[in-house]
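Input sequences plus hints: build the corresponding full structure.
Chains as they are written, first to last, in the working numbering: chain A, 46 to 399; chain B, 6 to 321.
These are calculated hints, taken from the structure and not from any lab test.
Cβ coordinates follow ideal geometry from the N, Cα and C atoms, glycine included.
Among the hints, erroneous ones may be present.
What the hints assert, rightly or not - In silico negatives: residues of chain A with every beta carbon more than 10 Å from chain B: (1) Ala99; (2) Glu122; (3) Lys123; (4) Asn132; (5) Glu150; (6) Glu157; (7) Met160; (8) Gln187; (9) Arg195; (10) Asp297; (11) Lys382.
What the hints assert, rightly or not - List time: in silico DSS-like cross-link candidates among lysine-lysine, alpha-carbon distance up to 30 Å: (12) A:Lys143 x A:Lys156; (13) B:Lys210 x A:Lys123; (14) A:Lys399 x A:Lys299; (15) A:Lys181 x B:Lys316; (16) A:Lys281 x A:Lys382; (17) A:Lys143 x B:Lys138; (18) A:Lys143 x A:Lys113; (19) A:Lys156 x B:Lys203; (20) B:Lys210 x A:Lys181; (21) A:Lys79 x A:Lys61; (22) B:Lys138 x A:Lys153; (23) A:Lys299 x A:Lys181; (24) B:Lys112 x A:Lys161; (25) A:Lys143 x A:Lys66; (26) B:Lys245 x A:Lys123; (27) B:Lys203 x B:Lys316.
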Amino acid sequence: MEVVLQHLSKHFTDKKGNVAKAVTDLNITIPSGKLIGLLGPSGCGKSTTLYMIAGLHKPTEGKILFGKSDVTNVPPEKRGIGLVFQNYALYPHLTVRKNIMFPLENMKMPKEKAMKLAQQYADLVDIGKLMDRKPKELSGGQQQRVAIARALVKTPKVLLLDEPLSNLDARLRLQTRVEIRRIQRETGITTIFVTHDQEEAMSISDEIVVINNGLFQQMGKPQEVYDEPANLFVAKFLGNPAINIFEGEIKDKKLLIDGIEFDHGFNGEDRPVLVGVRPESFRLDTEKGKLPIEVDYTEHIGRDVTVIGHVEGQTKTIRIIIPSEQLATIGDAKKLKFTPKRVYVFEQSGERIK
Amino acid sequence: MLEGKKDGWKALIALAPALIFLIVFMFFPIVNTFIMSFMENFQFKSGAGIFAINHRSTGIGFGEYINVLRNPLFITALKNTLVMVVISVPISIILSLLVAVVLNGIKRFQNVFQTIFFLPYVTNTIALGMVFKVMFGTNHGLVNLVLSWFGVGPVAWLTNAASGGYWSSLFVIVVYTVWTGLAFKVLVFLSGLQSIDKQYYDAAKIDGASRGRIFSKITVPLLSPMIAYITITSFIGAFKSYENVIAIFGNGQYTFGPYGNTNMWITVVGFIYKTMPNMMQAGALSRASAGSVILLLIILAFTVIQLYVSKKKVNY
Chain A
46 MEVVLQHLSK HFTDKKGNVA KAVTDLNITI PSGKLIGLLG PSGCGKSTTL YMIAGLHKPT
106 EGKILFGKSD VTNVPPEKRG IGLVFQNYAL YPHLTVRKNI MFPLENMKMP KEKAMKLAQQ
166 YADLVDIGKL MDRKPKELSG GQQQRVAIAR ALVKTPKVLL LDEPLSNLDA RLRLQTRVEI
226 RRIQRETGIT TIFVTHDQEE AMSISDEIVV INNGLFQQMG KPQEVYDEPA NLFVAKFLGN
286 PAINIFEGEI KDKKLLIDGI EFDHGFNGED RPVLVGVRPE SFRLDTEKGK LPIEVDYTEH
346 IGRDVTVIGH VEGQTKTIRI IIPSEQLATI GDAKKLKFTP KRVYVFEQSG ERIK
Chain B
6 MLEGKKDGWK ALIALAPALI FLIVFMFFPI VNTFIMSFME NFQFKSGAGI FAINHRSTGI
66 GFGEYINVLR NPLFITALKN TLVMVVISVP ISIILSLLVA VVLNGIKRFQ NVFQTIFFLP
126 YVTNTIALGM VFKVMFGTNH GLVNLVLSWF GVGPVAWLTN AASGGYWSSL FVIVVYTVWT
186 GLAFKVLVFL SGLQSIDKQY YDAAKIDGAS RGRIFSKITV PLLSPMIAYI TITSFIGAFK
246 SYENVIAIFG NGQYTFGPYG NTNMWITVVG FIYKTMPNMM QAGALSRASA GSVILLLIIL
306 AFTVIQLYVS KKKVNY
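This is the structure in C-alpha cells:
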C-alpha cells in the first residue's frame, strides 16, 4: 500500500498558547511494499509524523493517503495499520498469546482461528515457544518480537515501527534489525520505521527520509543520500565518523582551503564556504598531497587507521580513515599530506553548491 | 538484626513515641478485650485498675460467646450489617469506578468535578446525616418534593418497620453510605487511572478495541491492584459501620432506628457500643468483648478470602 503525505503539518499548542511546530509541510510518497526509514535527530518530528500516519495524532494541515483513499480523518482502528511502540506497550496482564490475539479478538474472530494465527505469527518472529509467558518474563528483544507479532497478526496494510531498536543492547540491535528486514521481506508489508540512528536506518531501509526540525531534508536510497547529500545537515547527519567540515572560500571562481586550490568553476561572488570531505575519502600522498594535516594522534581499529589531526591554523578536529596497510608509510610523522577524493561544497547557510 | 548496638538504641528512641501509643491504645486493649471475652460474667473490681486479668468472673470459657450468639439483638445486628455490606460495597465500588473513569475522560473542569466529588470526604459525617434526615423527611423533605412532581405520593422514608420503613430506610442508609464513601474511592481510582501508561490505550485503539473492551480488558485489569485494595478496605469499613445509622436517624447515640423501633438498623459495632456502657453490670463487658472478637473473626475471614482471590486475579 502506497502511503502519500501531502503538505502534512502538525503544530502543538500548549496551555499558554505557545505553538510548537513539530512537522511542517511534509510531502512524501512512500512506495508500496518497501521498508522506509524516517531518520532525524531526536525532537525532529519523525515520531509525530509516524503517529499522524497511525491516526493517533490529528494533522494540523495536510492530507494522508493510503493508496488512493484519503485516510486523514479515518480513526486509527479503521486504517488497517500495525504499530510497534517504542516501549512496545505490551499489555502487562496478558500472556504473549493473549497479547497477540488481542487485535483478532477485537475483530470477533473465532477463538480457534485466532489462536492458530497467533501461533503462526509468533513462529514468524521466533517466539512460538514463549506463548504462555507474561511480558515481564521476557527480555527486551523478545518483548519487541511480541510487539511486532501483535502488529502483524491482523495483516495490516502498513506497518509502523517507532524507534524499534532503541531499547535493545548493541548486539541484540544488530540481530533484530536483520530480523526486521527478514520479516518485512517475507510479509511484503509497506513498513515505515522511525529512528535517530543513521547506521540503523541505512543498513535496513530501502529508502530513507531525512527530517530535521520538522522539515523535509532529503529522500532516497541510503547510499545515494550518503553520496549526494542535499545539504550540510544531511551530510553531517549521515556517516560515522561524521563528515569533516573545512572552512574554505570561493575566490575568482576557485575553491580554496588555506589558500590552496581544490576545485574550480564556481559561479558567483567571492565568499566563504564550507567544504565537506568524508573521513574515508582521503588519499594519503606524502609527496604531492594537497592538504597538509598536523597529526594529533592515531587510532587503530584493526581494518583501518583513523588519523586525528587538524589543518594548520584551524582548530576543527579532522578525522581521516585510511587502510591499515598504509600505516607503515605514516610512521611517527607529525605532518601528513592528503588529497581529498570527493569534495562537497556548501554555502554558509547549508545549501549544497557542489 | 540491627548491626550496631548504638543504631539499635537510636532506632528504638525514634520509634518510641509511636510504639508507646500503639502499645497503650492498640495492643493492650486488643489483648485485654480478648481475655475479657473469655471471662464469664466479668465485672470490674474497684481499685484494681483496668487489667482484665485482675477481675472477678464466674468462670473461664466460651459462655459469653454463646450468650452473644443467642442474643436476638446481636443476630439482628449481624443480619443488618451483612445486608448493608452486601448491598452498599459492590454499588459503591462500581459507582466510584465509573465516576473515576468519566472524570478521567473529561478534559475541562476536571478539577472542579474532582472537588465536588471530594467534598463529602471533608465534611462531618453527622452533619451529612442530618442533611440526609432533612432531605428524606416525610412532609417537607426535598426527595418527597421531587417525587411529588412525578405524582409519587409522600414516602415515609425513615419510619419504623411496622409502617413499612425497613426497605425505605435501608435505601436511605445505602445512598448515604455509598455517597459518603465515594470520595475516597474515586480519588484512589483516579490516581490509579492516571498512572496507567497512555500507550496502552493508543495500542488498544490501534488494535481496534471497542470502548467496552478497552474498559474491561485494559482499564480494569491494570487497575486491579487499586480495585483489590478498595474492595478489602471497603468491606472492612462496611463491617465496622455504625455512625451512618446514628447519623441518619439522629435520635441519639444508642438509637439505630426511628421512634418505636430504635434497634431497627443496629449494626454489630452498634451492638458492642450499646452493650458496653453497662460495665458495672456483670458480664456486660465480656459480651461486648465477645461481640468484638466475633466481628474481628468475620472481617478476618472476608479479608483472607479477598486476599486469596486478589492474588489470583491481580497479576501483572
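Comparing the hints with the structure gives:
{"no.": "1", "hint": "Ala99", "result": "6 Å, violated"}
{"no.": "2", "hint": "Glu122", "result": "4 Å, violated"}
{"no.": "3", "hint": "Lys123", "result": "8 Å, violated"}
{"no.": "4", "hint": "Asn132", "result": "6 Å, violated"}
{"no.": "5", "hint": "Glu150", "result": "8 Å, violated"}
{"no.": "6", "hint": "Glu157", "result": "20 Å, holds"}
{"no.": "7", "hint": "Met160", "result": "16 Å, holds"}
{"no.": "8", "hint": "Gln187", "result": "17 Å, holds"}
{"no.": "9", "hint": "Arg195", "result": "7 Å, violated"}
{"no.": "10", "hint": "Asp297", "result": "59 Å, holds"}
{"no.": "11", "hint": "Lys382", "result": "55 Å, holds"}
{"no.": "12", "hint": "A:Lys143 x A:Lys156", "result": "11 Å, holds"}
{"no.": "13", "hint": "B:Lys210 x A:Lys123", "result": "10 Å, holds"}
{"no.": "14", "hint": "A:Lys399 x A:Lys299", "result": "12 Å, holds"}
{"no.": "15", "hint": "A:Lys181 x B:Lys316", "result": "17 Å, holds"}
{"no.": "16", "hint": "A:Lys281 x A:Lys382", "result": "24 Å, holds"}
{"no.": "17", "hint": "A:Lys143 x B:Lys138", "result": "51 Å, violated"}
{"no.": "18", "hint": "A:Lys143 x A:Lys113", "result": "34 Å, violated"}
{"no.": "19", "hint": "A:Lys156 x B:Lys203", "result": "28 Å, holds"}
{"no.": "20", "hint": "B:Lys210 x A:Lys181", "result": "22 Å, holds"}
{"no.": "21", "hint": "A:Lys79 x A:Lys61", "result": "41 Å, violated"}
{"no.": "22", "hint": "B:Lys138 x A:Lys153", "result": "51 Å, violated"}
{"no.": "23", "hint": "A:Lys299 x A:Lys181", "result": "63 Å, violated"}
{"no.": "24", "hint": "B:Lys112 x A:Lys161", "result": "41 Å, violated"}
{"no.": "25", "hint": "A:Lys143 x A:Lys66", "result": "39 Å, violated"}
{"no.": "26", "hint": "B:Lys245 x A:Lys123", "result": "51 Å, violated"}
{"no.": "27", "hint": "B:Lys203 x B:Lys316", "result": "25 Å, holds"}
Checked against the numbered hints above, the structure violates hints 1, 2, 3, 4, 5, 9, 17, 18, 21, 22, 23, 24, 25 and 26; every other hint is satisfied.
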